[in-house]
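J.: Here are the chains, one letter per residue:
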Amino acid sequence: MPLPPDPSPALQSYAHPERLVTADWLSGNLGRPGLVIVESDEDVLLYDTGHIPGAVKIDWHTDLNDPEVRDYITGEQFAELMNRKGISREDTVVIYGDKSNWWAAYALWVFTLFGHPDVRLLDGGRNLWISDGRDTTLDVPSKQTTGYPVVERNDAPIRAFKEDVLAILGKQPLIDVRSPQEYTGERTHMPDYPEEGALRGGHIPTAVSIPWAKAAQDNGKFRSRAELDELYGQFAPSGGTDSGVIAYCRIGERSSHTWFVLTHLLGMEGVRNYDGSWTEWGNAVRVPVTTGSDPGDAPGAS
Amino acid sequence: MSMPAALAEVVSDFQEVDGQDKLALLLEFADELPALPADLEEAAMEPVPECQSPLFLHVDADDRSQVRLHFSAPAEAPTTRGFAAILAAGLDGQSAEDILAVPDDFYTDLGLAALISPLRLRGMSAMLARIKKRLK
Chain A
1256 MPLPPDPSPA
1266 LQSYAHPERL
1276 VTADWLSGNL
1286 GRPGLVIVES
1296 DEDVLLYDTG
1306 HIPGAVKIDW
1316 HTDLNDPEVR
1326 DYITGEQFAE
1336 LMNRKGISRE
1346 DTVVIYGDKS
1356 NWWAAYALWV
1366 FTLFGHPDVR
1376 LLDGGRNLWI
1386 SDGRDTTLDV
1396 PSKQTTGYPV
1406 VERNDAPIRA
1416 FKEDVLAILG
1426 KQPLIDVRSP
1436 QEYTGERTHM
1446 PDYPEEGALR
1456 GGHIPTAVSI
1466 PWAKAAQDNG
1476 KFRSRAELDE
1486 LYGQFAPSGG
1496 TDSGVIAYCR
1506 IGERSSHTWF
1516 VLTHLLGMEG
1526 VRNYDGSWTE
1536 WGNAVRVPVT
1546 TGSDPGDAPG
1556 AS
Chain B
20 MSMPAALAEV
30 VSDFQEVDGQ
40 DKLALLLEFA
50 DELPALPADL
60 EEAAMEPVPE
70 CQSPLFLHVD
80 ADDRSQVRLH
90 FSAPAEAPTT
100 RGFAAILAAG
110 LDGQSAEDIL
120 AVPDDFYTDL
130 GLAALISPLR
140 LRGMSAMLAR
150 IKKRLK
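Chain order of the listed sequences is A and B. Take 1256 as the starting number for the first sequence in our numbering and just add one per residue. Take 20 as the starting number for the second sequence in our numbering and just add one per residue.
If we strip away everything but chain A, and leave its shape as in the complex, we get:
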């Protein structure tokens, strides 16, 4: 049975407050049956330095990605992962992580590909929990479960591929959530390591630059509804309900954070994450690229 949502007034102005929990709520519900806490960090060692009591670790790289093909795990692999981590389909899953929940949002987005019904983020993530001096432990839960159903991944509603982006160029909005230097093309990769970057710098024509971290406060919590409306209001659909927004970054993790904000905090429909992102686009042959600080025009539009 899923747990009731966090009734905290601080969350109620968001479109889907049931997708967030406060640290107070989580503290008060630790150990409650039906709740599983998942830590998902960029830093692969962080969980082992101490984590929220009862939390299990899911690593974005080794657990959620296919080891060979650049794609996510299959329904069988996801079911196996859930069983190994002691997660049932009916459980409420609360995910938190380092860097303002950057990787936690990515894990939540992958859970959503498999349609896990109740998956939430801990507002403020790992850093706020630690800096508030709340309990942590080194104990790793050993509980395993069986019977998580094999669910076919449903990519279409929230995941965009390169072909999808080409098809909507000039028709639907794109958000580039990378740093300004990556957006303009000043930086294609980290110095000295061209093999980790892209052959071309810049952005997808028409993409608007809104670095992902603008949606978070310094303490890692999401900004208020009013501030987020101001930041992303230009993407609210003017007619109908489908915003048609596609967000991208370098490999799709930072844009998962923006996807979460648009979808769950602002309630926009039809938002997709282009996980191929710049490491695909900036290396692809004959796709249009714009450099500099202007979004630029779609090819053929004038």
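Think of the hints as simulated: they come from the structure by calculation, not from any bench. Everything numeric in this text was worked out from a predicted model, so none of it was measured. Note that beta-carbon positions come from the ideal geometry of N, C-alpha and C, so glycine has one too. Be careful, since some hints might not be right.
[Said to hold, decoys possible] Sample of chain B residues facing chain A (criterion: CB under 10 Å; computed from the structure):
(1) L42
(2) A43
(3) L45
(4) L46
(5) A49
(6) D50
(7) P53
(8) A57
(9) S72
(10) E95
(11) P97
(12) T98
(13) T99
(14) R100
(15) R139
Following the hints, put chain B in place on chain A, whose structure we already have.
T.: What follows is chain B alone, placed relative to chain A:
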């Protein structure tokens, strides 16, 4: 290209363990990263922006027969601390010549690629590249 004995020993420690034990070993290194000497402050050190988390590096090559290396990385970045500690354990106090002779890709021998995304591993090669640059 060759590795100083101290670094070769670190590499062989990593080669003797697998999977989660490798991560546990890296965490041990992270915990043992030496603290900065009192006269060094982060503000005066060279940042290594290629690392995903803040890392500061100081190369003291006044005596080229015995180069001193100092690193600083926050506790909330244990992987970065672990990488720094591997270089500290393997290269601090070695001669400039020996450090310059370390293969740029020595870290592939640690066998961490399956456990840590290649995007994060590059921080390790960036640290070594910056140390070498200071010694050329």
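J.: If a hint holds in the structure, say so; if it does not, say that too.
T.: Okay, the hints, checked on the actual structure:
1. L42: With a closest approach of 6 Å, the L42(B) hint holds.
2. A43: Because about 7 Å separates A43(B) from the closest Cβ in chain A, which is inside the 10 Å limit, the hint holds.
3. L45: holds, 6 Å
4. L46: holds, 5 Å
5. A49: Holds - the Cβ of A49(B) comes within 10 Å of chain A, reaching about 6 Å at its closest.
6. D50: holds, 9 Å
7. P53: At 18 Å from the nearest chain A Cβ, P53(B) fails the 10 Å test, so the hint is violated.
8. A57: violated, 26 Å
9. S72: holds, 7 Å
10. E95: Where the cut-off is 10 Å and the nearest Cβ of chain A is about 7 Å from E95(B), the hint holds.
11. P97: holds, 4 Å
12. T98: Where the cut-off is 10 Å and the nearest Cβ of chain A is about 5 Å from T98(B), the hint holds.
13. T99: holds, 8 Å
14. R100: holds, 8 Å
15. R139: holds, 7 Å
Going through the hint list in order, the structure does not satisfy hints 7, 8.
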